[in-house]
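Asks: Below are the chains, spelled out letter by letter.
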Amino acid sequence: MTPSVSYNVSSSPHVRSPLSTGHVMYDVILALLPATLFGVWHFGVHALLVVLMSVASAVVTEFVFDYVTGRENTLYDGSAVLTGLLLALCIPASVPLYIPYIGSVFAVLVVKCLFGGLGKNFMNPALGGRCFLLLSFGSAMTNYAVDGVSGATPLAQLGSGSAVNVVQVFTGHAGGVIGCSAFALLLGGLYLWVIDAIPWRIPVSILVSFAVFMGLFGGDGFNLPLLCVHLASGGVFMAAFFMATDPVTSPVTAPGQLIYGCCVGVLSGFFRVFGSSADSVSYAVILSNLATPLIDELIIPKPYAYRDSANDAPFTFDKKVWVPAVCAVVCVLGVSVGLLRGVAGVTAGIVEKRQLSESLTAYRALLPDAVDFSIPDATQKAIEGLNGAAWGSGFGEVIIQEAVSGTDAVGAAAGHVVTVRTMDGRDAPITLSVGFLPDGTLNGILYSELNETPGIGMKVEEESFTGQFVGIPAAALTLGSDIDAASGATISSTAVVNAVNAAIDFHIAYGDQMN
Amino acid sequence: MTKRTFRGGVHPDDGKAYSRDAALTVYEPKGELVFPVSQHIGKPAKVTVKVGDKVLVGQVLAEQDGYVSSNICSSCSGTVKAIEKRRTVMGNLVESVVVDNDGKFRAVKGMGDKADFRKMNRDTIMQRIRDAGIVGMGGASFPTPVKLEPKNPDGIEYVIVNGAECEPYITCDDQLMRTHAGEIVTGLEIMLSLFPKAQGVIVIEENKPEAIAAMTEAVTMSQNIRVQPAPTKYPQGGEKSIIKVVAGKDTKMSQLPAEAGCIVDNVSTVYAIYEAVCLATPLIRRAVTVTGPAVRNPGNFIVRVGTSFRELFEAAGGLADGAEIRKAIAGGAMMGIAIADLDVPVQKASNALTLLTVDGVEEAERKLTPCIRCGRCNEVCPMGLTPQMMGVAAERKDYWKYENRLYGLECISCGSCTYVCPAKRPLMQLFKDAKGAILEARRAAQQGGGAK
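Chains as they are written, first to last, in my numbering: chain A, 1 to 515; chain B, 1001 to 1452.
It should be emphasised that the hints constitute simulated quantities derived from the structure, not laboratory data.
Predicted, not measured: the structure shown is a model, and the values here were computed from it.
You may find that some hints are simply not true.
In silico DMTMM-like links for lysine to aspartate or glutamate, alpha-carbon gap of 25 angstroms or less [to be verified]:
| hint | chain 1 | residue 1 | chain 2 | residue 2 |
| --- | --- | --- | --- | --- |
| 1 | A | Lys120 | B | Asp1433 |
| 2 | B | Lys1030 | B | Glu1084 |
| 3 | B | Lys1151 | B | Asp1113 |
| 4 | B | Lys1054 | B | Asp1131 |
| 5 | B | Lys1046 | B | Asp1100 |
| 6 | B | Lys1435 | A | Asp318 |
| 7 | B | Lys1252 | A | Asp318 |
| 8 | B | Lys1432 | A | Asp296 |
| 9 | B | Lys1367 | A | Asp66 |
| 10 | B | Lys1401 | A | Asp296 |
One chain only, chain A, in its complex shape:
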């Protein structure tokens, strides 16, 4: 007896939730819309072009990859659109359009498709794209100057000690990337939280651990408005709600998600306080992405029925897995630290010598006619007399480090060099030497210590800025009229001009005794 009709026989359950991968992605896209709309409204039509370019190139890249490699078209899962949009929100509005194009292609092609497509990438594609752009196009990626909008981001202002308007930071009127409105991001994040699209553990553990770290090590203690500025700027909300919660690259278990979130929060704080990069949060998330497989392998929750006794860990503690993993991590860290220390020990002497010859080279460059250099007693006494105090007033925190006189081949005076160090750099102190020719004109400046952020403060190193210090009379300089600030690096430019003015002042006071 053969049945006339045969119905499909398959494993239960025979009904499935309406939720699909596409829904998951489109929910996130929906949650990003407030921030996107704000960005477009605030930065103008070019921001819209950046967004469209980024999304379009992400979609086209995935389509072409699927087509060329003979794969099924995967655009319907919505992940390419999301990657493009996320990336666009993480870049400044003023970039040329090839930047979002390159970023999206890298994000989709290299970070996602080449590693096996959706679900297989080991880091967040959009963040991978952003970091790629930061490393490759540092100055464009950190140029926040847009018509009518102040060039300095809230973090830059915070770093320079100037006042920051907390409300502006929250609304996004303070400048930054396209998705800079903390309020809009928070709105989207809360939406995702409410509809249960992201696990609450990740954003909460990130924000809490970051705030605690900044409170402990940020230098200002638990100052609520300051902590709010730190939380609301520099992409922390973006990371906490949208980047770190990317399910593919975050742990799948509850305890794993808490550990991962703390990892992101602490690393973000660490990089922001002690690092020199423009972007602390992106790197923190990417590093934590890399730790995700390890967290998932080590932290496997036990079934409820196995968690009864109080002294049981809530997750499987399996020596077979933990011992090798912990040993490997300790060994890698130990060997790395050991190697670094060893190398530092060997090279310390060499570095010192090179520094000496470097300063001689600098002196020669600043005083081309000089062959011999000497340190005059009078100025040396004056410097020692200052005993580390700042030189004069009105130059900020500037100390005179050294003053040397140069003599030419026949023993005639060939000018002198004054080396000054200012503590007012945007990110770190700046040390520079100023050359004075016997005719009383400046002969340029040379940095011996400059650790500003690439793309921002580092612009004071450019010829267009330093060149202004050549051939002008050694008299007090004014930023804006005598010297033009390096674009987008107002803080660093101010610090340099103040330092040069201090050197000029010192030159006026002691110049006669140096020749």
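Since the structure of chain A is already known, use the hints to place chain B on it.
Replies: Leaving out everything else, chain B in the frame of chain A:
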């Protein structure tokens, strides 16, 4: 007081509107009746009749063989037509007694005679339950007498009547509770007479207010029985979920409910106990829901065990206008068994025939994407497992990790993870394969060890 619930769980569309208010109707079969000898967990029953024998309603066709086994009784009168292998809901061919129904339903002597269980001793009660061939009628079909004889009778704190009926579409227990509340309470009292120290708890999901009201009224006279409404959430009716809700304990796969101080039986089973003890009637009838968008008149029926599902489908008016059956399920949409055609008999544990016009599995296969590791499966697992990792391990056939690190054998196959998965991963299928392979390897190892 907040209502106690279990962790995890999902909220699928319950589909109960089709049949929830359809009163129980008695359906008498016309065609042949088929009685597979294995309708329970344990050893198949031993056939005691031969072809050509005249049988009566209530007569034993196949008798219990061993401790974990169960009698199979005829539900009609007529002639034994054949003893042969027939297809069952499980899809396999099982030795079955086929009875040509004479339509008269003449019963064996003494069946239906009223008796008072309070005048019976423990052994008489147990004997009646055993003779009646009662098994768990909620789906697992574990022989009830075995459940009622735990190793620790004094340690039983709760006798739980499972009226949760969390499975989508099914409404027969709901109707049974609404209309036979008194009998169910008597059934529970019989069970409590076996465990004098225990408390009776009837757990009903909140989406059945009429049943809650009826049962609450029926227990007003009983000191040690209470009705506990539970939040509507699948799999509330799972044995482990219901123990968690009543006793607050999590149980391992290796633990019987009795080890947590609980005896759990489905509403229909408790009703069958009442019939067996007070009416001397074996398990020959049960309530069955015939439902789904493909059915013209969805309803709840009192059906004789052995009736063909096809007959039942016709009794419910057949195919609805313009509908096409895409999926036929013995049971509900979450844990029911898909059947290839309707020519299979109603068994003791068949609580529903659900006919769907959309096959969720087919749809899911079309929308399948790689796992995006969203972890929703982990959130909903009522056992606290990590289905996401189990799925990966099962796919890689890393059975050591599946069993030892992920506790994959603790899976109760409720399907919540598979239901909720946005990537439409076939998790349940993978777990069934993995569990099968592990248990197979274990059996092979034991046999290898025994041969030495």
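Asks: Work down the list of hints and note, for each, if the structure agrees.
Replies: Hints and how they fare:
At roughly 24 angstroms between alpha-carbon atoms, A/Lys120 and B/Asp1433 fall within 25 angstroms of each other, so this suggested pair holds. Restraint check: the Cα-Cα separation between B/Lys1030 and B/Glu1084 comes to about 20 angstroms, which is no more than 25 angstroms; the hinted pair holds. A C-alpha spacing of about 32 angstroms is found between B/Lys1151 and B/Asp1113, which places the hinted pair above 25 angstroms, so the restraint is violated. Taking the CA atoms of B/Lys1054 and B/Asp1131, the gap is about 20 angstroms. The hint holds against a cut of 25 angstroms.
Between B/Lys1046 and B/Asp1100 the alpha-carbon distance is near 20 angstroms, which keeps this suggested pair within the 25 angstroms criterion. Restraint check: the Cα-Cα separation between B/Lys1435 and A/Asp318 comes to about 22 angstroms, which is no more than 25 angstroms; the hinted pair holds. Taking the CA atoms of B/Lys1252 and A/Asp318, the gap is about 20 angstroms. The hint holds against a cut of 25 angstroms. Restraint check for B/Lys1432 and A/Asp296: the C-alpha separation of about 23 angstroms stays at or below 25 angstroms, so the hint holds.
Between B/Lys1367 and A/Asp66 the CA atoms are separated by roughly 17 angstroms; this keeps the pair inside 25 angstroms, and the hint holds. For the given pair, B/Lys1401 sits about 13 angstroms from A/Asp296 by alpha-carbon distance, which is consistent with the 25 angstroms threshold.
Figure legend: structure checked against the earlier numbered hints; the only hint not met is number 3.
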